[in-house]
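Trainee: Since the structure of chain A is provided, determine the placement of chain B on it from the hints.
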Amino acid sequence: NAGVTQTPKFQVLKTGQSMTLQCAQDMNHNSMYWYRQDPGMGLRLIYYSASEGTTDKGEVPNGYNVSRLNKREFSLRLESAAPSQTSVYFCASSAKTGGRETQYFGPGTRLLVL
Amino acid sequence: AQSVTQLGSHVSVSEGALVLLRCNYSSSVPPYLFWYVQYPNQGLQLLLKYTSAATLVKGINGFEAEFKKSETSFHLTKPSAHMSDAAEYFCAVSEGVGSQGNLIFGKGTKLSVKP
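Residue numbers (our numbering), protein chains in the order written: chain A, 1 to 114; chain B, 1 to 115.
If we strip away everything but chain A, and leave its shape as in the complex, we get (with noise of 0.2 Å):
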């Protein structure tokens, strides 16, 4: 199992430029998740995904979509990339276990906007 795979590793983007963030899990996970990082401000939820073919808004969806592909596959998209954008972007899917949900996280992309 590789878990859960984010790709790319790494983007610098210009401002106004869209790109797609991926992710794709191999657990057989219902939910999914795209967290940003940002110094001093733990982990904010942007977009949650309960199960295929639902998305729902987190904390701070402005300025992103998501898409759920499938059961395996949640991306995300910034339209127009603004440098406040810049943020390490962590994808999540989780698992019901002992009747709690729990989740596990890819290894992150960090994206740059100048």
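Derived by calculation from the structure, the hints in this document are not laboratory data. The C-beta atom is built at its ideal place from N, Cα and C for all residues, glycine as well. Just so you know, not all the hints are guaranteed correct.
Below, a list of computed lysine to any residue pairs in the SDA-like style, where the Cα atoms sit at most 25 Å apart [to be verified]:
1. B/Lys58 with A/Lys57
2. A/Lys9 with A/Val60
3. B/Lys107 with A/Asn28
4. B/Lys110 with B/Ala53
5. A/Lys57 with A/Asn1
6. B/Lys107 with A/Asn62
7. B/Lys114 with B/Gly62
8. A/Lys96 with B/Ala53
9. A/Lys96 with B/Gly8
10. A/Lys9 with B/Glu88
11. B/Lys107 with A/Arg44
12. B/Lys107 with B/Ser9
13. B/Lys107 with A/Ala95
14. B/Lys68 with B/Lys114
15. B/Lys110 with B/Thr77
16. B/Lys69 with B/Gly8
17. B/Lys110 with A/Leu45
18. B/Lys107 with B/Ser27
19. B/Lys107 with A/Glu59
20. B/Lys69 with B/Pro40
21. A/Lys9 with A/Ser49
22. A/Lys96 with B/Leu48
23. B/Lys107 with A/Ser49
24. B/Lys110 with A/Leu69
25. B/Lys107 with A/Met41
26. A/Lys96 with A/Asn62
27. B/Lys69 with B/Arg22
From the structure, some residues in chain A lie toward chain B, with a derived Cβ separation under 8 Å [to be verified]:
28. Gly16
29. Met19
30. Gly42
31. Leu43
32. Leu45
33. Pro61
34. Tyr64
35. Phe90
36. Glu101
37. Thr102
38. Phe105
39. Gly106
40. Pro107
Mentor: Chain B in isolation, oriented as in the chain A frame:
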């Protein structure tokens, strides 16, 4: 509304000393609590999670945490720090499954271990 407070953004201990990382939560229902560790330039790894079966939870790498409802705390401890424990630690809370299973993270505590 749920929230998590981690006291101390930086903690420094000597190798072999006790590690204590503090986490307090607020939740309107019995919470589900987690500790994650993040090594430099890596993703988050689950250290341990609270299940109602026991208030003292043992995790990986010799860490453990105790759930204290009266203090709304879930502090992380390790009796003897090792250099390899240097990392950032995040406490998180959720209230259940589905949208209520979404994690609310604390802002993290960076642990430094001095030789």
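Trainee: Compare the structure with each hint and give your call.
Mentor: Outcome of the hint check:
For the proposed pair B/Lys58 and A/Lys57, the alpha carbon gap of about 33 Å is over 25 Å, so the pair is violated. Of the supplied pair hints, the one linking A/Lys9 and A/Val60 holds, its CA atoms being roughly 22 Å apart against a limit of 25 Å. Distance restraint check for B/Lys107 and A/Asn28: the Cα-Cα separation of roughly 30 Å exceeds the 25 Å cut-off, and the hinted pair is therefore not satisfied. Under the criterion of a C-alpha separation no larger than 25 Å, the hint pairing B/Lys110 with B/Ala53 is inconsistent with the structure, at around 29 Å.
Distance hint between A/Lys57 and A/Asn1 is unfulfilled; the C-alpha atoms sit about 29 Å from each other, more than 25 Å. Proximity of B/Lys107 to A/Asn62 is assessed by CA-CA distance (about 21 Å); at most 25 Å being required, the pair is judged to hold. Annotation: proposed proximity of B/Lys114 to B/Gly62 holds, straight-line Cα distance about 18 Å (limit 25 Å). Of the supplied pair hints, the one linking A/Lys96 and B/Ala53 holds, its CA atoms being roughly 16 Å apart against a limit of 25 Å.
With a C-alpha separation of about 31 Å, the suggested pair A/Lys96 and B/Gly8 falls outside the 25 Å cut-off, and the hint is violated. At most 25 Å may separate the alpha-carbon atoms for a hinted pair to count; A/Lys9 and B/Glu88 meet this at roughly 20 Å. Proposed proximity of B/Lys107 and A/Arg44 is supported: the alpha carbons are some 10 Å apart, at most 25 Å. Pair hint B/Lys107 plus B/Ser9 holds up; C-alpha atoms about 8 Å apart against a cutoff of 25 Å.
Taking the CA atoms of B/Lys107 and A/Ala95, the gap is about 24 Å. The hint holds against a cut of 25 Å. Restraint check: the Cα-Cα separation between B/Lys68 and B/Lys114 comes to about 30 Å, which exceeds 25 Å; the hinted pair is violated. In summary, the hint linking B/Lys110 to B/Thr77 is supported, as the alpha carbons are separated by about 14 Å, within the 25 Å threshold. Proximity of B/Lys69 to B/Gly8 is assessed by CA-CA distance (about 21 Å); at most 25 Å being required, the pair is judged to hold.
This hinted pair checks out: B/Lys110 and A/Leu45 have alpha carbons roughly 21 Å apart, not beyond 25 Å. Proposed proximity of B/Lys107 and B/Ser27 is supported: the alpha carbons are some 17 Å apart, at most 25 Å. Between B/Lys107 and A/Glu59 the alpha-carbon distance is near 15 Å, which keeps this suggested pair within the 25 Å criterion. A threshold of 25 Å between alpha carbons decides the hint, and for B/Lys69 with B/Pro40 the separation of about 32 Å lies outside it, so the pair is violated.
Among the hinted pairs, A/Lys9 with A/Ser49 is consistent with the structure: their alpha-carbon atoms are about 22 Å apart, no more than 25 Å. Among the hinted pairs, A/Lys96 with B/Leu48 is consistent with the structure: their alpha-carbon atoms are about 15 Å apart, no more than 25 Å. The hinted pair formed by B/Lys107 and A/Ser49 meets the criterion: a straight-line CA distance of about 23 Å does not exceed 25 Å. Only pairs whose Cα atoms come within 25 Å are accepted, and B/Lys110 paired with A/Leu69 is rejected, the gap being roughly 36 Å.
For the proposed pair B/Lys107 and A/Met41, the alpha carbon gap of about 5 Å is at most 25 Å, so the pair holds. For a cut-off of 25 Å, the pair hint linking A/Lys96 to A/Asn62 is broken: about 29 Å separates their Cα positions. Of the pairs offered as hints, the one joining B/Lys69 and B/Arg22 holds, with about 14 Å between alpha carbons and a cut-off of 25 Å not exceeded. Violation of the interface hint for A/Gly16 is found here, the shortest Cβ-Cβ separation to chain B being roughly 28 Å, above the 8 Å cut-off.
The interface hint given for A/Met19 is violated, since its Cβ lies 20 Å from the closest Cβ of chain B, which is over the 8 Å cut-off. The closest approach between the C-beta of A/Gly42 and any C-beta of chain B is roughly 4 Å, which is under the 8 Å cut-off, so the hint is satisfied. The restraint placing A/Leu43 at the interface with chain B holds, with a minimum CB-CB distance near 4 Å, inside the 8 Å limit. For the restraint placing A/Leu45 at the interface with chain B, the shortest Cβ-Cβ distance is roughly 6 Å, inside the 8 Å limit, so the hint holds.
Checking A/Pro61 against chain B by beta carbon gives a least distance of about 13 Å; that is not within 8 Å, so the hint is violated. Interface restraint check: A/Tyr64 against chain B, minimum CB-CB distance 16 Å, threshold 8 Å, status violated. With its C-beta approaching chain B no nearer than about 6 Å, A/Phe90 sits inside the 8 Å limit, and its interface hint holds. A cut of 8 Å between beta carbons decides the hint on A/Glu101: the least distance to chain B is about 4 Å, and the hint holds.
This hint holds: A/Thr102 has a C-beta 6 Å from the nearest C-beta of chain B, less than the 8 Å allowed. Hint status for A/Phe105: holds, given a least beta-carbon distance of 4 Å to chain B, under 8 Å. Checking A/Gly106 against chain B by beta carbon gives a least distance of about 5 Å; that is within 8 Å, so the hint holds. Proximity of A/Pro107 to chain B holds as hinted, the smallest CB-CB distance being about 4 Å (cut-off 8 Å).
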